[in-house]
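K.L.:
Under the working numbering, residues 1 to 209 are what the sequence shown spells out, in order.
Keep in mind that the hints were calculated from the coordinates and are not lab data. Bear in mind that the values here come from a model prediction, so they are computed numbers and not experimental data. Each residue gets a CB set at the ideal place from its N, CA and C atoms; glycine is no exception. Careful, some of the hints might be misleading.
[Unchecked claim] With beta-carbon atoms standing in for the labels, derived distance ranges:
1) 109 x 56: 17 to 27 Å
2) 189 x 113: 32 to 42 Å
3) 101 x 147: 13 to 23 Å
4) 114 x 192: 33 to 43 Å
5) 58 x 115: 15 to 25 Å
6) 128 x 28: 33 to 43 Å
7) 45 x 177: 32 to 42 Å
8) 207 x 112: 32 to 42 Å
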Amino acid sequence: MWKEKVRKGLASIWQWGARLQDRLLYHGCDFGSWVEPQEAGFTLEQGNRYQPSNRALLRVLGDLPITSQDRILDIGCGKGHAMVLMSRFPFQEVAGIELSAQLQDIANRNFARLGLPQCKAYRADAAVYQDYDRFTYIYLFNSVPRVVFLAAMEQLCLSLRRRPRRCVLIYLNPVYHEELVRSTPFRMVKVRSAWLPWFEYRVYTNGEN
Numbered sequence: 001m002w003k004e005k006v007r008k009g010l011a012s013i014w015q016w017g018a019r020l021q022d023r024l025l026y027h028g029c030d031f032g033s034w035v036e037p038q039e040a041g042f043t044l045e046q047g048n049r050y051q052p053s054n055r056a057l058l059r060v061l062g063d064l065p066i067t068s069q070d071r072i073l074d075i076g077c078g079k080g081h082a083m084v085l086m087s088r089f090p091f092q093e094v095a096g097i098e099l100s101a102q103l104q105d106i107a108n109r110n111f112a113r114l115g116l117p118q119c120k121a122y123r124a125d126a127a128v129y130q131d132y133d134r135f136t137y138i139y140l141f142n143s144v145p146r147v148v149f150l151a152a153m154e155q156l157c158l159s160l161r162r163r164p165r166r167c168v169l170i171y172l173n174p175v176y177h178e179e180l181v182r183s184t185p186f187r188m189v190k191v192r193s194a195w196l197p198w199f200e201y202r203v204y205t206n207g208e209n
């Protein structure tokens, strides 16, 4: 009982800080408040809670050889905070897919308010999404359950066979690391640890030139 109270207390403090960041850094955009699956309009079998990625993503991206020829896709982009951080780098396109129409709409309104035309959230189900061919970077923050994750990775691998290319996968809170390295060509090349386990970033590549 006390652990649950502590967890809820920490979550409230965390969200308060994130909403303050929204006001101070993002002109009143809505990134900070968490959204449970039921509130977002889908089930636990389809997706996980929305929670914004943290700013450590900037350091992860800063270590990578990103060029203006690269495009990045955020699987389960939620309200788009990670995509805003990605927009600081020379990606030709910053795209996201999101199952929830509510979250997709919030993300695109956030991008419009911040003047980020290169960022666009699309409504799509990661379990059946197939349009990976133009992307050289993939990002996700444990946004989907295992069955959906494996389906998404299968479609990504089909794309890599169809259009061979080097692809970098950035995975925050990598709960399906074992499944990823066992069933795909991706191999981990970098870890950025965090004091909380769900804020650990792992970077993978398929090894193509």
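K.L.:
Indicate, hint by hint, whether the structure satisfies it.
P.N.:
Hint by hint, here is what the structure shows:
At roughly 25 Å, the beta-carbon separation of residue 109 and residue 56 lies within the given 17 to 27 Å, and the hint holds. The hint said 32 to 42 Å for the Cβ distance between residue 189 and residue 113, and at roughly 35 Å that hint holds. The hint said 13 to 23 Å for the Cβ distance between residue 101 and residue 147, and at roughly 22 Å that hint holds. Between residue 114 and residue 192 the beta carbon distance is about 25 Å. The supplied range of 33 to 43 Å is therefore violated.
Between residue 58 and residue 115, the C-beta spacing of about 19 Å keeps the proposed range 15 to 25 Å intact. For residue 128 paired with residue 28, a C-beta distance near 35 Å keeps the hint of 33 to 43 Å intact. Separated by about 21 Å at the C-beta atoms, residue 45 and residue 177 break the suggested range of 32 to 42 Å. Between residue 207 and residue 112 the C-beta distance comes to about 38 Å, which sits within the given range of 32 to 42 Å.
The structure fails hints 4 and 7 (numbered hints given earlier, in ascending order).
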